[in-house]
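Engineer: For the protein sequence lines, the chains are A and B, in the order given.
The first sequence maps to residues 916 to 1264 in this note's numbering.
The second sequence maps to residues 4 to 312 in this note's numbering.
Hint data in this document are derived by calculation from the structure and do not stem from the laboratory.
Heads up, a few of these hints could be off.
Lysine to any residue pairs mimicking SDA-like chemistry, simulated, CA-CA at most 25 Å apart [as the list claims (entries may be wrong)]: (1) B:K273 to A:L983; (2) B:K214 to A:P1099; (3) A:K1113 to B:A268; (4) B:K127 to A:P1099; (5) B:K273 to B:K127; (6) A:K1113 to A:G1032; (7) A:K1252 to B:I180.
From chain B, some residues computed to sit far from chain A (all C-beta separations above 10 Å) [unchecked claim]: (8) W68; (9) G86; (10) V272.
Reference excerpt, derived from the structure (chain A facing chain B, CB under 8 Å, subset only) [stated by the list, open to error]: (11) A990; (12) I994; (13) A1061; (14) I1083; (15) L1092; (16) W1164; (17) L1166; (18) I1170; (19) Q1192; (20) F1194; (21) Q1202; (22) A1209; (23) G1210; (24) L1239; (25) L1243.
Computed from a predicted model, the values in this text were never measured in an experiment.
All C-beta atoms, glycine included, are put in the ideal place defined by N, C-alpha and C.
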Amino acid sequence: MWGFQILEAPTLCSTPELIGEDYMSSSTLATKGTEPPATGPRASTTPRRHRTRHAESRGAWILLAPYLALLLVAAAIPIGYAFWIALQKAPTLVDPSSGFGGFDSFITVITDYRFSGTFINIFSVMIVWLPLMMVGIVGLALLVHASPGRFGDTMRFFYFIPGALSGIANFVLWVYLLHPTQSPLAPLWQEVGFGSLKEIVTDGNMPMILTGMLFFQGVGTWIIVVNGGLNGIPDEIFEAAKIDGASAWDLAWHIKLPLIRPWIGYAALMNLAYGFQLFLEPYLLRQISSGAIAGEWAPTQLGYAFAFTNRNFPAAAALSIILLVITLSIGVVIVMKSGLFGDEKEKKR
Amino acid sequence: MSNSAPGVVGAKHWTVGRIARITVMVIVAAAFILPIIGFIAMAFRSQEGVLAGTDGFLGLGGVSWDNVVFSWSQINGFGPGDGGLFTRWVGNSLVIAIVGGVLALIAALPAGYALARLRFRGRKVLLFATLLAMVMPNTVLVIPLFLEVNAIGAVGQLWPVAVIMGFFPFGTYLVYIHFMTTMPQELVEAARIDGLSEISTFFYVALPISKQVVALVAFFSFVANWTNFFLPLALLTSNQENKTISIGIQELIGASPLFNATVAAGLDVKLYMPQLALATFISMIPLLIVFLTAQRFLMRGQTVGAVKG
Chain A
916 MWGFQILEAP
926 TLCSTPELIG
936 EDYMSSSTLA
946 TKGTEPPATG
956 PRASTTPRRH
966 RTRHAESRGA
976 WILLAPYLAL
986 LLVAAAIPIG
996 YAFWIALQKA
1006 PTLVDPSSGF
1016 GGFDSFITVI
1026 TDYRFSGTFI
1036 NIFSVMIVWL
1046 PLMMVGIVGL
1056 ALLVHASPGR
1066 FGDTMRFFYF
1076 IPGALSGIAN
1086 FVLWVYLLHP
1096 TQSPLAPLWQ
1106 EVGFGSLKEI
1116 VTDGNMPMIL
1126 TGMLFFQGVG
1136 TWIIVVNGGL
1146 NGIPDEIFEA
1156 AKIDGASAWD
1166 LAWHIKLPLI
1176 RPWIGYAALM
1186 NLAYGFQLFL
1196 EPYLLRQISS
1206 GAIAGEWAPT
1216 QLGYAFAFTN
1226 RNFPAAAALS
1236 IILLVITLSI
1246 GVVIVMKSGL
1256 FGDEKEKKR
Chain B
4 MSNSAPGVVG
14 AKHWTVGRIA
24 RITVMVIVAA
34 AFILPIIGFI
44 AMAFRSQEGV
54 LAGTDGFLGL
64 GGVSWDNVVF
74 SWSQINGFGP
84 GDGGLFTRWV
94 GNSLVIAIVG
104 GVLALIAALP
114 AGYALARLRF
124 RGRKVLLFAT
134 LLAMVMPNTV
144 LVIPLFLEVN
154 AIGAVGQLWP
164 VAVIMGFFPF
174 GTYLVYIHFM
184 TTMPQELVEA
194 ARIDGLSEIS
204 TFFYVALPIS
214 KQVVALVAFF
224 SFVANWTNFF
234 LPLALLTSNQ
244 ENKTISIGIQ
254 ELIGASPLFN
264 ATVAAGLDVK
274 LYMPQLALAT
284 FISMIPLLIV
294 FLTAQRFLMR
304 GQTVGAVKG
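Chain A on its own, in the form it takes in the complex:
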């Protein structure tokens, strides 16, 4: 980083012909005449740069302070604390002592009979949901972008409305949609042979139900994000392509799609990670299924059970850390590859 910054010095005047007078005058201005007469650009800028670098760095940390404080309280400390808790021994009725337990709680979690099942459950959902989600997000964002004017704006607005209903509201909406007699889809459910909510909300239907819920509530927000990426592309590119005879399809497939690749990667990353955090939907589906869905259907639910049912905090912490490692690994891989934080951007600075 620092080596890179030294090379960055002439960014004020990246064109060679400016290095003469203009550069000199700007550097004199910046130092407000405190510098001795310069013998050459480089000689005069080095001490100044050091001083401004220092001020810049100090300013940055001051500006970052509130954020850093919250980062500590809401992420770093709890993560560290969870590590520490996970290494403790869980007190039991037989042996109420606590103390250092090593990796025992991790073994407790991994050997739990429900552990692998919870991951199989969420994979079974992600396999259906993620591809649909990505096609939906990108497809609809491209369609919206291909429709300038009031129609496109209205459609984008409509697509976003379910996104505003996320969480519990989306869930209640889906209870209504899934209800085999009260839903507007009731004829469909009855046709397929579902007579009661209990027949619909089963283990086997979980991937479909969750796909419906997650798609419905998630797609609109992501259309806006990807659309933002599309709007960031200069119009000249499209004009040029149109003049070259590109059809709307060519434009979408060959020009827009490659250009919004970073946004697509970002959407994929966030949604994949989202899959591991599923909690509300399976938790509440159990509630309305009269217990047909397991109480520890998703990994987060298993963690919740460890913490609140078994009061085994070390195991709950260990499971959180396992989930953390998984989601962080996904994060690291895609952050490095998504291109949103790639070298191009750094070089532009």
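With chain A's structure known, arrange chain B on it following the hints.
Structural biologist: Using the frame of chain A, we list chain B on its own:
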């Protein structure tokens, strides 16, 4: 139509592609909007009408204000004594979502700016940490957060929830992207040349061109806070008075005879689908207001700041 000159930019003609595009978009929009209309209608219907199935298309025929008045008496009657838990839950959610949102703005604006436009040791690491924190699903951290709040004995209180919600790395990222795309480095350099300190540059140069991103961060954080479920579930379930509306509705669902006949039998109020829909609809009104306020910012494409022209 086929006579219109091919390749003319902006020519309005009904090509197959255009018809297909509009058809697909309208069908998708209908699939998104009709269920919501039906659901809102449900909030205005009566349980009798719902059971009889005579309310017509999307139940719109059975809509009446009297039904709302009755349903509200049921929702508001929920709770010990005379009830009133529902309004308390909504109030709690408002407090948490607003305090959390304000904290998120206070933290994200300067941080996002510093990450985008200032150079300092550790910038890349922090940017990376922010991105990871943003990617990290917030429910993964709920148990560790619960353990932390439990350790200081603040489980069941509202303030830890609001503070935790103030950490909103997505907001920082949005601000970062905002300044990366709309505020050229030259503007920062110019401010420095004019003798502004780094802090003043943020307040006098960067903040005035941040209206759109302020709206975005405020909106997204308010929505995230309002709809957050797992965090309040873990931190506030123990204190019924301090629940938020999201976990409150869960309690209403649990008390509905539709899903739990035994619990419901012991209650004075009856919460069927119309009542649940109304409770949900009311809980969405603050989101609706925030959404309509922020709408023009959300829908605008590229920011037009001080830079343009």
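Engineer: Look at each hint and say if it fits the structure.
Structural biologist: Now the hints, each set against the structure:
1. Proposed proximity of K273 (chain B) and L983 (chain A) is contradicted: the alpha carbons are some 48 Å apart, above 25 Å.
2. Annotation: proposed proximity of K214 (chain B) to P1099 (chain A) is violated, straight-line Cα distance about 42 Å (limit 25 Å).
3. Proposed proximity of K1113 (chain A) and A268 (chain B) is supported: the alpha carbons are some 20 Å apart, at most 25 Å.
4. At roughly 51 Å between alpha-carbon atoms, K127 (chain B) and P1099 (chain A) are farther apart than 25 Å, so this suggested pair is violated.
5. Straight-line distance between C-alpha atoms of K273 (chain B) and K127 (chain B) comes to about 56 Å, which puts the hinted pair past the 25 Å bound.
6. Among the hinted pairs, K1113 (chain A) with G1032 (chain A) is consistent with the structure: their alpha-carbon atoms are about 22 Å apart, no more than 25 Å.
7. Taking the CA atoms of K1252 (chain A) and I180 (chain B), the gap is about 18 Å. The hint holds against a cut of 25 Å.
8. With 10 Å as the threshold on Cβ separation, the claim that W68 (chain B) sits away from chain A holds: the shortest Cβ distance comes to roughly 20 Å.
9. Under the 10 Å C-beta cut-off, the non-interface status given to G86 (chain B) relative to chain A holds; the minimum distance is some 20 Å.
10. The beta carbon of V272 (chain B) sits about 17 Å from the closest Cβ of chain A, which is more than 10 Å, so the claim that it is off the interface holds.
11. Among the interface hints, the one on A990 (chain A) holds; its C-beta lies about 5 Å from the nearest C-beta in chain B, closer than the 8 Å criterion.
12. Evaluation of the I994 (chain A) hint against chain B yields a held restraint, the C-beta minimum of about 6 Å falling below 8 Å.
13. The interface hint given for A1061 (chain A) holds, since its Cβ lies 6 Å from the closest Cβ of chain B, which is under the 8 Å cut-off.
14. Hint status for I1083 (chain A) relative to chain B: holds, with the closest Cβ pair at about 5 Å, below 8 Å.
15. Because the closest C-beta pair between L1092 (chain A) and chain B is about 6 Å apart, less than 8 Å, the hint holds.
16. With its C-beta approaching chain B no nearer than about 7 Å, W1164 (chain A) sits inside the 8 Å limit, and its interface hint holds.
17. With 8 Å as the threshold, the beta carbon of L1166 (chain A) stays out of range of chain B, its nearest partner Cβ sitting at about 11 Å, so the hint is violated.
18. At about 15 Å, the closest approach between the beta carbon of I1170 (chain A) and any beta carbon in chain B exceeds 8 Å, and the interface hint on this residue is violated.
19. Using the Cβ-Cβ criterion of 8 Å, the hint placing Q1192 (chain A) at the interface with chain B is satisfied: the shortest such distance is roughly 3 Å.
20. Hint on F1194 (chain A) holds. Least Cβ distance to chain B is approximately 5 Å, under the 8 Å limit.
21. For Q1202 (chain A), the suggested interface contact is upheld, since its CB lies about 6 Å from the closest CB of chain B, less than 8 Å.
22. Taken as an interface hint, A1209 (chain A) does not check out: its beta carbon lies about 17 Å from the nearest beta carbon of chain B, beyond 8 Å.
23. Using the Cβ-Cβ criterion of 8 Å, the hint placing G1210 (chain A) at the interface with chain B is not satisfied: the shortest such distance is roughly 14 Å.
24. The interface hint given for L1239 (chain A) is met, as the beta carbon of that residue sits about 6 Å from the closest beta carbon of chain B, less than 8 Å.
25. Hint on L1243 (chain A) holds. Least Cβ distance to chain B is approximately 6 Å, under the 8 Å limit.
Checked against the numbered hints given earlier, the structure breaks hints 1, 2, 4, 5, 17, 18, 22, 23 and satisfies all the rest.
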